[in-house]
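Chains as they are written, first to last, in our numbering: chain A, 716 to 914; chain B, 6 to 225.
Hints were generated in silico from the structure; no laboratory data involved.
All C-beta atoms in this analysis are idealised placements derived from N, C-alpha and C, irrespective of residue type, glycine included.
What follows is a list of derived Cβ distance ranges for each label pair:
1) B:F69 x A:D745: 42 to 48 Å
2) B:R183 x A:L762: 41 to 47 Å
3) B:W127 x A:A733: 55 to 61 Å
4) A:D812 x B:N62: 46 to 52 Å
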Amino acid sequence: MVDAKQREVVALNMVLLALAALSLGVAVWDVFSDTFRAGTDDLFLVLVCLMLALLFATPPLLWARANGLLKNPFAEEAVAEGGVDMEIAHEVHGGSDRQNSYVWGALLGLTAFEVFLAYVKVPLTLMVIILMGASIIKAALIIAYFMHLKFERLSLILTIVPTLVVLLCLFAILFPDSFRLLKMRPAEPLQKVEQKQEG
Amino acid sequence: MAEARVETLTSNDWGGGTLPYRVGHRKLGMWLFIMSDSLTFGALLVTYSYARVASVNWPTPFPFNPSIIFSTAMTFVLLSSSLTMVFAVSASKRQKRATARKWIAATMVLGLTFIALHLMEWNHLIGEGLAPFELPEEWAKAFPGASPLFGSAFFGITGLHMFHVFSGVCYLGVIAARIKKLNDDVEVAGLYWHFVDLVWMFVFPLIYLLSVDYAGVLAK
Numbered sequence: 716m717v718d719a720k721q722r723e724v725v726a727l728n729m730v731l732l733a734l735a736a737l738s739l740g741v742a743v744w745d746v747f748s749d750t751f752r753a754g755t756d757d758l759f760l761v762l763v764c765l766m767l768a769l770l771f772a773t774p775p776l777l778w779a780r781a782n783g784l785l786k787n788p789f790a791e792e793a794v795a796e797g798g799v800d801m802e803i804a805h806e807v808h809g810g811s812d813r814q815n816s817y818v819w820g821a822l823l824g825l826t827a828f829e830v831f832l833a834y835v836k837v838p839l840t841l842m843v844i845i846l847m848g849a850s851i852i853k854a855a856l857i858i859a860y861f862m863h864l865k866f867e868r869l870s871l872i873l874t875i876v877p878t879l880v881v882l883l884c885l886f887a888i889l890f891p892d893s894f895r896l897l898k899m900r901p902a903e904p905l906q907k908v909e910q911k912q913e914g
Numbered sequence: 006m007a008e009a010r011v012e013t014l015t016s017n018d019w020g021g022g023t024l025p026y027r028v029g030h031r032k033l034g035m036w037l038f039i040m041s042d043s044l045t046f047g048a049l050l051v052t053y054s055y056a057r058v059a060s061v062n063w064p065t066p067f068p069f070n071p072s073i074i075f076s077t078a079m080t081f082v083l084l085s086s087s088l089t090m091v092f093a094v095s096a097s098k099r100q101k102r103a104t105a106r107k108w109i110a111a112t113m114v115l116g117l118t119f120i121a122l123h124l125m126e127w128n129h130l131i132g133e134g135l136a137p138f139e140l141p142e143e144w145a146k147a148f149p150g151a152s153p154l155f156g157s158a159f160f161g162i163t164g165l166h167m168f169h170v171f172s173g174v175c176y177l178g179v180i181a182a183r184i185k186k187l188n189d190d191v192e193v194a195g196l197y198w199h200f201v202d203l204v205w206m207f208v209f210p211l212i213y214l215l216s217v218d219y220a221g222v223l224a225k
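Just need the whole structure built from these sequences, with the hints factored in.
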């Protein structure tokens, strides 16, 4: 009876892994196909395929982790850095007040860096990338420590974080269209062009 | 027997356990609200960026004094209010009701400071002539062809954020007044407050730091 159930679980996980591989395959195919132009359509297709791959791969990966087939490669490092004491502290009530104060200091430091950066002459694209990078690090610190998500169950983390990331990416997919709109604009305002034509 | 049943309900992540997240219903509800609300702000910020990219010119009018000094001070105040909120949550978990109340009060004061600073900043911009669909004349001259959407993006996004801070202060007031033992209310209110702080971490660089007038166009 137990064996039959075990076989069923393995078979279902294999099916899910195959579907994940298929989704990844479609994303890779799209990027390497001749028609790839990195426009809204392509970004949408790639993102949706990657999202499906993640969705399909999550249960088998969790199952493998629960059954000891997959080990966290960073686990040893984390213990070496944080030590056993910290692990126990997390068990009780998450981060300590001292740890949260350090996080606060890091957030202030990143903010100071951002303000400084606004007055350094760097290309706009590079500046946006650095500013957004710093903001994402700050958001991650707030979510992980202040909002305590680092110390919640893996299932809650897996529900919240990828969903948010994917949905925000879906918004951001519209950007190629904004560049297209800019290029479609007439060099002169339309009213002036009309006045010229009339005169 | 009962313990064994709880174990089977909670131990299995994807096996249909009725408590797969092992958090209370209040906390889960707040997380769901935060997810939906972050999409509201995400949509607004993406729309603002889209309008900015698609415009021929976009004003970058903020001088160091007062705009950047004010917004940096606001960031500092909001980050500090998050820290006091963390202390409030940790005190309530240790069942120290009076201490938790004090830290919540500190958080509320910092939240109100944020709103006061923000209103002063708004007042200054409105005084210069900025309106939701209209740029001040000086700006329109300094940035030829600049999009008048600047005002609507600025007031819309920072206004919605300020409203969130204001709601948060009211929410914290209710929680502090009705604080009970063995309850995760303070923690759930903390989640909301940190989320409001988190949103500002994106509003501040996108709205303020990317609109700094470092070339001194307006000063000339």
